[in-house]
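Student: Okay, here's what each chain looks like letter by letter:
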Amino acid sequence: MSQNHMQVTVEDISSVEKKVVVEIAADAVKRTLVKQYKRISKTARVRGFRPGKVPMGLVKQMYRGEATEGATRELLQEFYPAAIEETGLSPLTMPEIDQSGISEGEPYHFTLRIQIKPEVSLVGLDQVAITREDAEPTDEELNERLEAMRQEHAELEGVDGAADTGHVLTIDYSGTLKDAEEPFEGGTADGQELEIGSGRFIPGFEDQLIGAAAGDSRTIEVTFPEDYGSEDLAGKEAIFSVTVQAVRQRVVPDLDDELAKDLEFDDLSAMRASVYDKIAENKRQEEQARLRESVINQTLSLNPIDTPRAMVDASLERLESQMRTRFQMQGMQDEWFSQIMEMQRPHMEDSAKKLARTDLVLDAIADEQSLEVDQADLDEKLSEMAGMLQMPLPKLRAELTRSGRIESVRQDMLHDAALEWLIEHAIENAANGVEPYEPPAEAGQLDNGETEVQDSGTPSSEEDGESESASSDEPAVETETEE
Amino acid sequence: MSEYSTELYDVLRRPLLTEKGQHLRDSQDQYLFEVAMDANKIQIKSAVEKLFGVRVEKVNTLVMRGKVKRVGRFVGKRANWKKAVVTLREGDFIDLFEGA
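Residue numbers (my numbering), protein chains in the order written: chain A, 30 to 512; chain B, 518 to 617.
This is chain A alone, in the form it adopts within the complex (with noise of 0.2 Å):
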C-alpha cells in the first residue's frame, strides 16, 4: 500500500551519484503522526491526570516534538525501503536524507542522495599488453648474493703490528679544545670501535691513527670542520690523547662447504640452490607486480570511470588500516600515527581512488568472463589464512561469517581471478602482436596520475603492488585487531 502513499522521481547527479526525491502523501502522514501521538497518550504524565487520562489535545501541545521526530522515523523506515526498491538502484553507503519538516495535513517530502555503482563496460581490453619477463636469476644476481652473504658473515680477527686503513681499532680517546683545560662534553669514551677509512670520524682523526699498534697512545690534533653538527665545536681545533686497545681486521670466510653448513646448508651446491630458488622467487613476485600493475594501469588509462564517494572512502579506510597494522607491527604508538595520518591523508587520496577504479574494473571483467569463486576455492583460501593466523579453520569461519566479512574474502579472490585472466589476456594479446597501450599525453586530466607510473622500476608502483597483494589478507587481519 505504501506504493499508493508515494512518489518517486529520480535525478541524475552523476554516474554513480543520483539523487531522489519523494513525497508521501499527508493521509500516510497524518495517519503516522496519529498513531506517535496515540503511543505516547498511552504513558504521558501529565499533572492532574492520571496516565493514559490526558486529553489528545494536551497530549498534542506538549509532545509535538516526539510525535514529529517519531513519525518521521517511521516514515522513513516505511517508505525508504519501498522508495530504494522503486527506483531499482542499490546505494553503496546510507543514503545522505535531507528532509522537510513534517507536519499534519501536508504532504512530505524527502530527498536521498544515493551513490552507486557506475555501471562499468569495459572498452579497449584487447589493446591491453604485456609480456611476461624471464624471472630466472642470472648468475651475476646469484654470485652478488653469495658474496653479499659472505661479506655478512666476515669476523674480526686480530692483527699483530701496525693498523692501515680497513682495519678496525678499539680504541679510548679524550679531546680537548685547544684553548680549554678540561675535555668538552662528549668528547671522551671507551672502547669505541673504529674502521680506518669508514669516515665516521671527523676528517684527519682516522688518517692519523694509521701505523698505530695495540698498546701505543698517540696524540691527534684535528680541526671540527665549519659544518659540525654541534655549534660549540664547529671550526675549533681540539687534541684528542687515544689509546689504541686493540687493532683487528676483517677477515671473510671463503665460499666453501664450511661457510654453508655455518649458515645451517647441507654443503655449498645445497646453499646454492636455495639462495637462487630465493631470487627466483623475488623475482617472480616482482615479475607478477609488474603485471598486475602495468595491465590495470592501461586499463584504467583506457576505461576512465567515476567512482562513488563511498567507495573511495572505503579504500581509504582500508589503506589507513593496513598502514596502521604495519606500524603496529613495528610498535608505532597510536598517537604518532594518528598524527603520520593527518599529514598522509590528502596523499593517499589519489591511491584510494585508484583502489577503488581498479575494484569497479575487476569487478566487470569477473562478471563479463562470468568468473565465480566456488566454495572449495574459498575453502582453501580460509584453511591458509587460518594457518597463517594461527587460529583453528573452524573459529576464522564462524569469526568471518558472523562478521560478514567471509563476503569480502570471496571478492578479494574474485578481483584475483579477474587480475590473473586480464594478465593472461594481456600476454596472449602481446603474443599476437599488440603493443602495450600508452595513454595520450593529455590523458592527465584523468583524475588519477596513473599514466606516470608505466614501467614496474618506480617505487609507487611497487608500493602499489605491494598494497595489491596484501588486500586479500586483509579483512582477517583487520578482524584480528579489532578483538
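Hints listed in this document are in silico derivations from the structure and should not be mistaken for laboratory results.
One or more of the hints may lead you astray.
[What the hints assert, rightly or not] Chain A side only, calculated, beta carbon under 10 Å to chain B, not exhaustive:
#, residue
1, K71
2, V75
3, F78
4, V83
5, P84
6, M85
7, G86
8, L87
9, K89
10, Q90
[To be verified] Cross-link-like lysine to aspartate or glutamate pairs, in silico, EDC-like; alpha carbons within 20 Å at most:
#, chain 1, residue 1, chain 2, residue 2
11, A, K89, B, D612
12, B, K562, B, D546
13, A, K410, A, E428
14, A, K82, B, D543
15, A, K89, A, E133
16, A, K312, A, D163
17, A, K89, A, D163
18, A, K382, A, E148
19, B, K600, B, E574
20, A, K71, A, E98
21, A, K67, A, D56
22, B, K567, B, D527
23, A, K82, B, E536
24, A, K71, B, D546
25, A, K47, A, E148
26, A, K307, A, E165
27, A, K67, B, E536
28, B, K567, B, D555
29, A, K89, B, D543
30, B, K575, B, D612
31, A, K146, A, E125
32, B, K558, B, E574
33, A, K82, B, D612
34, A, K89, B, E536
A quick note: this is a predicted structure, and the numbers were derived from the prediction, not measured.
We put the CB at the ideal spot given by N, CA and C, even for glycine.
Mind docking chain B on chain A? Use the hints.
Tutor: What follows is chain B alone, placed relative to chain A:
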C-alpha cells in the same frame, strides 16, 4: 498587588487542567481556573469574557486549603488558593489547547 486588581491575568492565574476539569468541560460547559485569592465572581466573569470572548452564565468559587507538608521534623503549610468554576452560556467554548 492592588486590592482591586483589574488586570486580567492578575485575576485568572491559569487554567486548571485536570481530569475532573475535563469531565466538567465535556459534560457541562464548565471551565476550571486558579484565580487570585482576592478576586470576586464579578471580576472573574468579566476577565473570562474579555480574555476568551465568550459569555459567562455563572461563576462558582471555592477556597482550596493548602496541604500540610513536612520536611523531616519541620511542618509547613502550602498557601490556600481560590478555584473558580466558570459555567459558559450554552454553545460557547474555550479552546484550551490552541494550535494543537
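Student: Could you run down the list of hints and mark each one as holding or not?
Tutor: Structure-based check of each hint:
no.: 1; hint: K71; in the structure: 15 Å, violated
no.: 2; hint: V75; in the structure: 7 Å, holds
no.: 3; hint: F78; in the structure: 5 Å, holds
no.: 4; hint: V83; in the structure: 8 Å, holds
no.: 5; hint: P84; in the structure: 5 Å, holds
no.: 6; hint: M85; in the structure: 8 Å, holds
no.: 7; hint: G86; in the structure: 3 Å, holds
no.: 8; hint: L87; in the structure: 6 Å, holds
no.: 9; hint: K89; in the structure: 4 Å, holds
no.: 10; hint: Q90; in the structure: 4 Å, holds
no.: 11; hint: K89(A) <-> D612(B); in the structure: 13 Å, holds
no.: 12; hint: K562(B) <-> D546(B); in the structure: 14 Å, holds
no.: 13; hint: K410(A) <-> E428(A); in the structure: 15 Å, holds
no.: 14; hint: K82(A) <-> D543(B); in the structure: 14 Å, holds
no.: 15; hint: K89(A) <-> E133(A); in the structure: 11 Å, holds
no.: 16; hint: K312(A) <-> D163(A); in the structure: 9 Å, holds
no.: 17; hint: K89(A) <-> D163(A); in the structure: 80 Å, violated
no.: 18; hint: K382(A) <-> E148(A); in the structure: 17 Å, holds
no.: 19; hint: K600(B) <-> E574(B); in the structure: 17 Å, holds
no.: 20; hint: K71(A) <-> E98(A); in the structure: 17 Å, holds
no.: 21; hint: K67(A) <-> D56(A); in the structure: 16 Å, holds
no.: 22; hint: K567(B) <-> D527(B); in the structure: 13 Å, holds
no.: 23; hint: K82(A) <-> E536(B); in the structure: 7 Å, holds
no.: 24; hint: K71(A) <-> D546(B); in the structure: 26 Å, violated
no.: 25; hint: K47(A) <-> E148(A); in the structure: 13 Å, holds
no.: 26; hint: K307(A) <-> E165(A); in the structure: 11 Å, holds
no.: 27; hint: K67(A) <-> E536(B); in the structure: 18 Å, holds
no.: 28; hint: K567(B) <-> D555(B); in the structure: 19 Å, holds
no.: 29; hint: K89(A) <-> D543(B); in the structure: 18 Å, holds
no.: 30; hint: K575(B) <-> D612(B); in the structure: 19 Å, holds
no.: 31; hint: K146(A) <-> E125(A); in the structure: 16 Å, holds
no.: 32; hint: K558(B) <-> E574(B); in the structure: 11 Å, holds
no.: 33; hint: K82(A) <-> D612(B); in the structure: 19 Å, holds
no.: 34; hint: K89(A) <-> E536(B); in the structure: 16 Å, holds
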